[in-house]
Amino acid sequence: MTTNPPNLRPDLAPAARITDTPRPNQPTIGMVSLGCPKALVDSERILTRLRAEGYGISPDYSGADAVIVNTCGFLDSAKAESLDAIGEALVENGKVIVTGCLGAEPDYIREHHPRIMAVTGPHQYEQVLDAVHKAVPPDPDPFVDLLPAANVQLTPRHYSYLKISEGCNHKCKFCIIPDMRGKLASRPAHAVLREAEKLVDNGVRELLVISQDTSAYGLDRKYDVNPWKDREVRSHITDLARELGQLDAWIRLHYVYPYPHVRELIPLTADAGSNVLPYLDIPFQHAHPDVLKRMARPAAAARTLDEIAAWRATCPDITLRSTFIVGYPGETEAEFQTLLDWMDEAQLDRVGCFQYENVDGARSNDLPDHVPAEVKQDRWERFMEKAQAISEAKLAAKVGQTLQVIVDEIDDEAATCRTTADAPEIDGNLFIDEGYEALKPGDIVSVEVDEAGEYDLWGKLR
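1132 is the number of the first residue of the sequence shown in the working numbering; add one for each residue after it.
Take the hints with a grain of salt, since some may be wrong.
Said to hold, decoys possible - DSS-like mimics (lysine-lysine), calculated; alpha carbons at most 27 Å apart, straight line:
| id | residue 1 | residue 2 |
| --- | --- | --- |
| 1 | Lys1591 | Lys1571 |
| 2 | Lys1329 | Lys1571 |
| 3 | Lys1424 | Lys1525 |
Note that these hints are calculated values from the structure, not bench results.
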């Protein structure tokens, strides 16, 4: 049993879990998946294709004929982590294929690791498969392989990420994601719904909807209409969420920019007949209009407070999660104080925070008045102290309430669960430490909260 650490990075996906057991003499591929949930979905798709071609999936380097490292390139620290993972795979295995966001910079990777076999960019599935075929020829058993029962899933079986689009049309100065993953490219609504239905049919109890910009879903398709069963569905986030909410699974929305049409989602989160959770993950990034302008983000912090108030009026139980950047170039003490004051008013439920980092290729690198490291650290600590106090007070108010929770894990000490207010890995947990022995991962049960901490809850089964 572990409690939620206060400085957990909000950009990281859960660690990939590989449980396949290769058959004797089966060619096997290892996978190291770094970065965000969107990269984890890419890893799942690559492994699904490989397993369908007869490859086994190895959970370690030594048992694999080659290793794929799916990299992250969002921050310089993430790039360093990716280079370290590539180096470790080369030492432990020797045959390494690199893909993912950092793969958009092949010269940079080869400068550090010239012995890698191939480099491909993000979501270039065919190129990854070609590189694997060259390194380790497939040898399928037609009676066992080729028709897997379900997609390879790197998360626990009871929840899954559902990626609805790639790319982003924003031009935030601190971000290079559009350079790596391109402009917004939405999947057709019927394709998303078909995948979601298949996942639920295979036992998934929670779908985490992800993209670079979930609110913009379908904009590039001009919100085209798609046939779905006996009706038609627009490629629009409101229509998609309404349909997903009819599935027998929790639906959790991530990366929702606060565009005006987001208010159309709020009634769905308040509707007892919909499984769209009262939870929105919204990347506000900052609150001072001048900082937002330097970031090249919409400078509407005051109106955002009005939107939050309107959302809560429609759905009082809604949980709002966000991430922020402190120490952005030019950020003054007064601008930072505005952010703290905004937090006092917004009272967000779940908050993550980055200290600003230069990223190779980002336009923010050239801005004047970069904030000294010690000032960034001090502001991060003060921000997190504020966020922690808000979290602690909000959780204390839940003592005595009965909440629905989903069970994630069972060990000798407790059942680790999550409420509707908690996304896996990035938010808090609820622990049941008595009478939990009959529970299993994926169960959804009612729990009375009897204790609260800074980020986590404890309770007993009802």
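Between Lys1591 and Lys1571, does the CA-CA distance stay at or below 27 Å? 15 Å, holds
Pair hint Lys1424 and Lys1525, alpha-carbon separation not exceeding 27 Å: Distance of about 31 Å is beyond 27 Å: violated.
Hey, Lys1329 versus Lys1571, does the alpha-carbon distance stay inside 27 Å? Holds: Lys1329 and Lys1571 sit about 22 Å apart, inside 27 Å.
Taken one by one, the earlier hints fail for this structure only at number 3.
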